[in-house]
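Chemist: Next come the chains, spelled out residue by residue.
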Amino acid sequence: MSELLKVEALKVYYRLPQGVVRAVDEVSFSLERGEVLGIAGESGSGKSTLAMALAGLLRPPAVIESGRIIFDGLDLTKLGEGEWRKLRGRRIAVIFQDPGTYLNPVYTSGFQVAEVYEAHRGGRASRYVELVKDLYRKVKMADPERRVHSYPHQMSGGMKQRVLISMAIAEKPDLIIADEPTSALDVTIQAEIVELLKELKSETGSSIIFITHDLALLLEIADRIMIMYAGKMAELGRSSEIRDNPLHPYTRGLLSVLKPERKQKLASIPGSIPSLIDPPKGCRFHPRCPMAMPECSRVEPRTVKVNGRTVSCLLYEG
Amino acid sequence: MSLLNYTVYRLAQGFITFLGAFLLIFLFVRLLPGDPARLIAGPEALEEDIQRIRAHLGLDRPLYEQFITYMASLLRGDLGTSIKYGTPVLEEILARLPYTLALAFVAEALAVSVAVPLGVLAALKPRSLVSQLVSVLAVVGASLPVFWTGLMLIFIFSVELRLLPSSGAESPKHIILPSATLAFFLVGNLARITRAAVMESLSSNHVVTARAKGLSFNKILVRHVLRNSLIPILTVASVQLGALLGGAVVTETVFAWPGIGSLLIDSLFFRDYPLAQGVIMFTVGAFILINIVTDILYALVDPRVREILWKAA
Amino acid sequence: MTKRIKEAKRKRLLEVWEAFKANKVALAALCIVAIVIILTPIGSRIAPHDPYDFNLARARQPPSGEHVLGTDELGRDILSRLLVGAKYTVGISVVSIVIGASLGTLLGLISGYKGGLWDSLIQRVNDVLLAFPTILLAIALVAFKGPGVSSLILAIAVSSMPVYVRLVRAAVLQVVVEDYVAAAKLLGLSSWRIMLRHVLPNVMSPVIVQATYHMGLAILIASALGFLGLGVPPPTPEWGSMIGTGKVYLFSAPHIVVFPGLFISVTIIAFNVLGDGLRDALDPRARAMLRRF
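Protein chains in written order, with the numbering used here: chain X, 64 to 381; chain S, 1216 to 1528; chain A, 1400 to 1692.
One thing to keep in mind: the hints can contain errors.
Unchecked claim - Straight line, CA to CA, 20 Å or less: simulated DMTMM-like cross-link-like pairs of lysine to aspartate or glutamate:
| hint | chain 1 | residue 1 | chain 2 | residue 2 |
| --- | --- | --- | --- | --- |
| 1 | A | K1420 | A | D1675 |
| 2 | A | K1646 | S | D1481 |
| 3 | A | K1513 | A | D1679 |
| 4 | X | K235 | X | D135 |
| 5 | S | K1434 | X | E181 |
| 6 | X | K235 | X | E262 |
| 7 | X | K264 | X | D206 |
| 8 | S | K1434 | X | E144 |
| 9 | X | K368 | X | E380 |
| 10 | X | K264 | X | D286 |
| 11 | X | K264 | X | E98 |
| 12 | X | K196 | X | D206 |
| 13 | S | K1340 | X | D197 |
| 14 | A | K1646 | S | E1375 |
| 15 | A | K1423 | A | D1675 |
| 16 | A | K1486 | A | D1452 |
| 17 | S | K1434 | X | E146 |
| 18 | S | K1299 | S | E1415 |
These aren't lab readings, by the way, just hints derived from the structure by calculation.
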C-alpha cells in the first residue's frame, strides 16, 4: 500500500462577525490507497467541514486557516479553482448527505450524471447516455433504461442516492468522500447502500473517507476510524482496536451507547457539543468527561502515540 | 398530450374569467350611481337627447336582455360600433394593436436585457456597488410615475439635447423614449427579483454537486444557477408584459404613441362609450391570455410544476 | 392573565420598533410619510399664498424669493398648490387604501374561515378583479362613473382590494389549523368572535405592510388619473393634474412639471421604503436572521 492523502495540522475556521468558529482545529491523519477511513462524531464536531475542505468545496465564511492537505504529492491547499476543477469529479469525488437537495430538480438524473463525463472528457452530455446506463446497472438501479430519463422528483430517496453514487464512481476516482451518505435514508435502504459501497470499493479500488455519526456502521466497513470531538481529533486507530480497546473516554462513551446490555444505564453521553466560538479551556471534552481530572480544564492535550495508536487525552500523556 | 389538455383546460378557465370580467364591467356601468348616457351627452344636453343616446346604446331595455344581446355579439367577435369613427370597434383596436405590441415588447426586452445581467452581477457580488445600485433602482424605478419620468426624458433628450423625437410614431427612433420610460419603471424590480433568485440558486446544494463534478464556472452558472432562477424572473417579466399591454395607457398618452392605451383615453374624451368598453374588454382578454401563456412557459421550464399543473388539469 | 397578554403585546411592539429604528433609511422614510400625512389637514393653513389666486401677469415665473417653487401657467404659486394638493393626492390615497384593505381583509376572513359557498363566490369575483391590470380597472371605473373624488376613491379601493382578499385568506387557512383556534371553537365562541379575536391579529402584520406599499401605488394611480384628466377636475391642485395641465409648458417653464413630480416621487419612494422597513421589522424570521449574524 502507498500513501494517497496526508493531512497535516489542518485548521478550518469560519470567520463570523461574532467570532471565529474553529470547526476543524489541528487535525492530522493519512490515508492509504484502497483504504476506508471512517470519521465519526456528533453533529457539530467538524466532520462535514473537514469533508468539504478535502474536496475543495468550502465556501465563505469558511477558510483553510493553516495546515496542508497532500494528495498524491500535490498540496491541495495551494490549488487554484481551475486546477481543482480538473481534480474534482475525476480524481476526488463526493457523495452527499441529502440526495434530494443535491440533485438539480430541472434536469433528468441521467443528464446530471453525464455532466461528469462532459466536464472531463468534453463533448455533449447526451453522448454519454450509454455509459450512464452502465453506471446505473453498476449501482443496481432498478430499470436503468427508464431511470436515466427520470427527473429527481420522480425517484425515491434510495434511487437518488444511487444517482449521486453513480456520479461519484463515474471516473473511477482515487478518493471518494462520502459525507453521511445514508443518514437521510430509511433503514432498509441504508443497508443496501452500505452493501453497494462495499462492493464498489473492491471493484474500483478507490480510497474512501466515510463520514457518519453512526459508529456501528463504521466498525463494520472501515479499516481505520477517526473519532472527532468539537473540531479536534480525539482518537485514531484500526477498527478492531477502537471496538475492543477504546482509549479516549469519548470513544468509550460512544461505544457504550452501542452495547445493548448497558443501554439502560448509559443511554448517551450527557451534555452536548460546546460552542466552537468559545470552546472550553483545556480539553474540549472535559465538561462531559466522566474521567475528567483537575488539570483537564487547564491543559490542552497533545496528540500522542500509544502503542502505534493515536489519541489526544491527558490520561495518556506524561 | 398533457400539454394540449392543460392548454385547453386553462383556455376554458380563462374564458370563464373573461365572461366574469365582462359581467363586472356590465354591472358597474349599469348598477352603480352615474349614468353613461348623461356622461356621453354632456352637461348641457336636453333630456330627450339623453333618452335617444340611452336607446341607441340599448340602455333602456331590461338588464337581462341587454346582457344577452351584448354577450351574443361579443361571442361573434363584435365589440360594437365606435360613435366617433362609425367603424367597428374591433377594427379600430386591431389598427392600433401593432403599436401597443411593439412598445410593450421593446420596453420589456430593454428591461430584461438590462435587469438580468445587473441582477446576476449583483448576486455574484452581493456587497458590490452593482448590488446597491439594484436596491436603489428597485425602489426608485417603481416609485417614479411614468408620466413624470417620460416628461423628464422629453425635456432632456428632445428639448435640451434635441436628439430624439418626443411624440408620434413616424420612425423607429420614435419608440426609443417611450420604451425607455417604461423600461426604467420595470428594470429595478426585475433586477431585484433576478438577484434574489440567483442568490437562492447559488446557495442551493445542487450547485455544490455541480462544483464537485468539476464542471466549469460558466456551465454551472448557466445550467445550475440561471436555469433554476428562470421561473421567478419569467413570472415577473410576463406579468409586467401583461400589464404593459393594458397599462401603457399613461406612457402612450405622454408620447402620443398611437396604441391601444391612447385609443382608450381618446375614446373617453370623445365619450365614445362602446369604443372604451371594447378596448377595456380586449385588454382584459389579452391580459388573461398572457397569464395562461406564462403558466404554460413555467411548465416547460420546471418539470415539477409541469406535473402539478397537468394533474390539476 | 389579560395583563400578561397586554404585557406580551407591548413587548412585541417594542421589539418591532427596536428592529425598525435600527434601519436609518426606513426611519427617514417614516419622517417624510409623517410630514406628508400631516400636510393633508393643515396644508391650506401653512400655504404662503392662495392656491387658486391666478394672475396672468406673473405666469410661469421661475423660482424666486416670493414664489419659492415658481408660478404655474396661470400665475398661481406652485408651492401653495402642492401643500394644499396633499389633501387630494395623499388624502384620497389614504382613504381608498383604508377602505380597500378593510374590505379585502373582511372578505378574506370570510373566504378563508367560512369556506364552502362563500369562499368560492368571493374567490371567483376576486379572480375576475385580478384579471384587470390595476390602472385599467381604475380607469374603467372612473371613466364610466365620471371624474371626481368619490369615483377616484371607489376606483383605487376596488382595484387594491383583491390583493388583501388573497393575502388574508391564505393567512387564515394557515391559522385555523392552529390549536388555539380549535380550542376557541370548542369553547363555543361564535365564528365572528373567533375571527376578530384570534384570527385577525395574526394576519395584521402582512396587511399593514401591504397597505403601506399600496399607499405608494394609490398615489401613483391617483396622480396618473389626474394627469390623464380623469381624476379630480381642475382647478383643484391635485399633484398629478398639475403635471397634466403644465406639460405643454415643458419647453418654456419646466419647473411647472418638475416640482409636482418631485413631490409625487419622493412621497411614493418614502411609502415604499417604509413598507420595506416595516416588512423587515415585522417579519420575525428576518429579525432572527439579523440577530444570528
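Chemist: Are the hints correct? Go through all of them and say.
Modeler: Evaluation of the provided hints:
1. Proximity of K1420(A) to D1675(A) is assessed by CA-CA distance (about 13 Å); at most 20 Å being required, the pair is judged to hold.
2. Under the criterion of a C-alpha separation no larger than 20 Å, the hint pairing K1646(A) with D1481(S) is consistent with the structure, at around 18 Å.
3. Our distance criterion of 20 Å between C-alpha atoms is broken by K1513(A) and D1679(A), whose separation comes to about 31 Å.
4. The straight-line distance between the Cα atoms of K235(X) and D135(X) is roughly 15 Å, inside the 20 Å bound, and the hint therefore holds.
5. Restraint check for K1434(S) and E181(X): satisfied, since their Cα atoms lie roughly 11 Å apart, inside the 20 Å limit.
6. The suggested pairing of K235(X) with E262(X) holds, with an alpha-carbon distance near 13 Å, which does not exceed 20 Å.
7. Pair hint K264(X) plus D206(X) does not hold up; C-alpha atoms about 23 Å apart against a cutoff of 20 Å.
8. Only pairs whose Cα atoms come within 20 Å are accepted, and K1434(S) paired with E144(X) is accepted, the gap being roughly 14 Å.
9. For the hint linking K368(X) to E380(X), the alpha-carbon distance of about 9 Å falls within 20 Å, and the restraint holds.
10. Proximity of K264(X) to D286(X) is assessed by CA-CA distance (about 12 Å); at most 20 Å being required, the pair is judged to hold.
11. Of the pairs offered as hints, the one joining K264(X) and E98(X) holds, with about 9 Å between alpha carbons and a cut-off of 20 Å not exceeded.
12. For the hint linking K196(X) to D206(X), the alpha-carbon distance of about 9 Å falls within 20 Å, and the restraint holds.
13. Between K1340(S) and D197(X) the alpha-carbon distance is near 41 Å, which puts this suggested pair outside the 20 Å criterion.
14. Distance check on the hinted pair: K1646(A) and E1375(S) sit about 15 Å apart at the alpha-carbon level, within 20 Å; holds.
15. Taking the CA atoms of K1423(A) and D1675(A), the gap is near 12 Å; set against the 20 Å cutoff, the hint holds.
16. Pair hint K1486(A) plus D1452(A) holds up; C-alpha atoms about 18 Å apart against a cutoff of 20 Å.
17. As the CA atoms of K1434(S) and E146(X) are separated by approximately 16 Å, the hinted pair is consistent with the 20 Å bound.
18. Proximity of K1299(S) to E1415(S) is assessed by CA-CA distance (about 54 Å); at most 20 Å being required, the pair is judged violated.
Consistency with the previously given hints fails for numbers 3, 7, 13, 18, ordered from lowest to highest.
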